[in-house]
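K.L.:
What follows is each chain in one-letter form.
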Amino acid sequence: MTELLLSFRLAFLVTAILLVLATPLAYWLAFSKFRAKFLVEAIVALPLILPPTVLGFYLLVAMGPRGPFGKLWLALFGHTLAFTFTGLVIASVFYSLPFCVQPLVASFERIDPKLLAASRVLGANSWRTFRTIILPLSVPGVITALVLTFAHTIGEFGVVLMVGGNLPGTTRTVSISIYDHVQSIEYAEANQLALTLLAISFVLLVLVYGLNRRVGVRWLTN
Amino acid sequence: MVDELTPSELRVRARLSRGAFQLDVDFSVPPGITILFGPSGAGKSTLLDCIAGLVVPNDGEISIGAKELYSSQRAINFAPQQRQLGYLFQSAALFPHLTAKQNIEYGIAHFSPADRNIVLVELLRLFRIETLASRKPAELSGGEAQRVALARALVTNPKALLLDEPLSGLDAELKSSIIADLRAWNAAHQIPILYVTHDRPEVDALGERVITLDKGQIVQQGIPREVLDAPRKESLALASGFENILEGIVREIRLEDGIMRVALNGSASIEVPLGHNKPGDPVRIAIRAGDILLALERPKGLSARNILQGTIQSLEQRSVTIICKVAAGANFEVHVTLSAARALSLRAGSQIWLVLKTYSCHLVS
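Residue numbers (the working numbering), protein chains in the order written: chain R, 109 to 330; chain V, 765 to 1129.
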C-alpha cells in the first residue's frame, strides 16, 4: 500500500503545482497577441508526443550531479535531485504540463470576447476580469485539467523509471510496483494493486462527471 | 477655452489601417443622440472600439470635454477600464453566470452596499426591469436582455455612451419604448450618445443628428432627412432605402434652370438636379421606389418633368405594398399601395406611364 500512497501523494502535489503554474501560462497562451506564441505552444505540447524515456533521459541528465540544474541543487541542498521524491515531482510537472494547460487554454478561448470587453469597459482590470468572468465561466475546463493531470501523473511509468528509479517508499510508484510484481510472477499482488487503482480512478471520474454534469466536461467529449 | 463652453462633447480624430481597410475620421458628438449610419463593413464597430480603447488607432486624438482619452502625439492612451464610457453591444453581452442584478452592479462593485442599492433601484425602475432582477441572462427575452445591458452600461454614470446596433432584431414597438427610456435617462445626464445602426427606420425614429460613414470615411453629417434623403454615395443610397440606382450619361447642362439631362443606359432620358458634371460624364442616379408615380395614360398639366412610358414586367405583394418592376428605357422598381394597385388594375404586361419629379432624382457617386 505504500506504493499507492506514494503515487497519490505525487499526483496531488503535481496537480496542485501545475494548477498554479499552468493557469497563468494558459491565460497568456489564450489571450496574448505575441507573434511567436506558437513556439511556446509547441514546447508545452512536446511531452504529449515525446517518448517518456526521452523526456526522462534529459531530465535525468539535467538533474544529475553534472547537469546545470543538478549542480545548483547539490550546492543548495547537499544532494542531487535524481532518484529522489522531489526529483520525481519536478519531472512529473514537466510530463503532465500539456494535460493541465490545454484544457485551460481551450476553455479560456471559448469565452465570448465581448464579455471580456464589457467587463473592461465597466471598469474591471485584467485581474478582476479573470477572477469574476473568465474563471467562473471556465469551471468545466479547470475540472477537466485537474482530473487529466491527476490521472496522467498516477499512470506515468517511463519518466518515473528514468528519473526516480525504483526505491521503495521514495520513488517506487504504484505503476512501477505492478510492473515489478509481474516480473516476479506475483500476479495476485499485481492484481490487487491494479484493481485498487482501477477502482479509485473509476470512482474519481464518476464523482467529477457527476458534479460537472450540468456544465459538461466538453473538452473530454469533443 | 472651447472645453469650458462644451464640457461634455466627445471629439474624435482617428486614423487606423488594417490591411486594405482604412479608417480616417474627424468629428465631434455633442450631448444627445448622434447616429452613426453606414453599410456593413463601413468601419462603424471599429470606430466605437477605438473610442472605447479596445482598439488603438495608428494616430489621432480622442477626448470628452477637457479629458483626453487618447492622443498619439502626447502618448496618452487610457485603458478601456479607465475611460468611464458606457458600451452596449449588439449581443447584449450579459455575463451568463450572473443574475440581471449582479450584471448591473458589476460596474459599481466598489460602492458601499447602500449606495449601490440607491443607484440600482433607480435604474431598475427607469428601465422597467424590477421583476427581472433575480433572473439569469438565459431566462431573459431579447428586449429584456437589452434593457438590462443598457442599465448595466449606464450604472457607472459614463461620460459618453456607445451603442452598437443595440436594438436590431427587436420589433418596432419594443425599440421605440427602449429609446424613449434612454432619452428620459439622458434628459437628466446630457452625455454624448453615439448610436450605430444600418437600419433606416431607426434613424428616422432617433433622428437628431446623423453621421454617415462609408469605407472608413465620413461622407456626410447633418440632420437625418437632409443627409439620408440626398445620399452622395451609392452604397449609402442602397442602405438608406433607395431601390433604384440608375446609370446614365450627362447629355445637356442647363445652368440657368439648375438642371441637367441624363440619358439612361437604355433609350430613356431624364431631367435631374444640376451636379458638378460636364456633358459626357457618366453619372449614377438614386430614386426611391416610393417617389415614382404610376399613370394609366400620359398625364398632362403636371409640374413633374420626367414622364416615361413603359411596360410592367412583374408585380409582387409584400405586406400592404405592391412592388412593381417596370421597363421604361431602363428598369425601374416602383412601390404602390395595395389599394392603388387595385384601382389601376395593374398587371404584368400592361402599358404604364412613370412620373418622376426632378428633385426625386439624386446624384450619387
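No lab work stands behind these hints: they were computed from the structure. Please note that a few of the clues may not be correct.
For lysine-lysine, the following DSS-like pairs were computed, each having C-alpha atoms within a straight-line distance of at most 30 Å [unchecked claim]: (1) R:K141 / V:K1064; (2) R:K141 / R:K222; (3) V:K900 / R:K222; (4) R:K222 / V:K1089; (5) V:K923 / R:K222; (6) V:K865 / R:K222; (7) V:K1064 / V:K1089; (8) V:K831 / R:K222.
These numbers come from a predicted model, not from an experiment.
K.L.:
Please go over all the hints and tell whether each is borne out by the structure.
P.N.:
Results of checking the hints against the structure:
For the hint linking R:K141 to V:K1064, the alpha-carbon distance of about 69 Å lies beyond 30 Å, and the restraint is violated. Restraint check: the Cα-Cα separation between R:K141 and R:K222 comes to about 17 Å, which is no more than 30 Å; the hinted pair holds. Distance check on the hinted pair: V:K900 and R:K222 sit about 18 Å apart at the alpha-carbon level, within 30 Å; holds. At roughly 43 Å between alpha-carbon atoms, R:K222 and V:K1089 are farther apart than 30 Å, so this suggested pair is violated.
A threshold of 30 Å between alpha carbons decides the hint, and for V:K923 with R:K222 the separation of about 21 Å falls inside it, so the pair holds. With a C-alpha separation of about 19 Å, the suggested pairing of V:K865 with R:K222 holds against the 30 Å cut-off. As the CA atoms of V:K1064 and V:K1089 are separated by approximately 23 Å, the hinted pair is consistent with the 30 Å bound. At roughly 26 Å between alpha-carbon atoms, V:K831 and R:K222 fall within 30 Å of each other, so this suggested pair holds.
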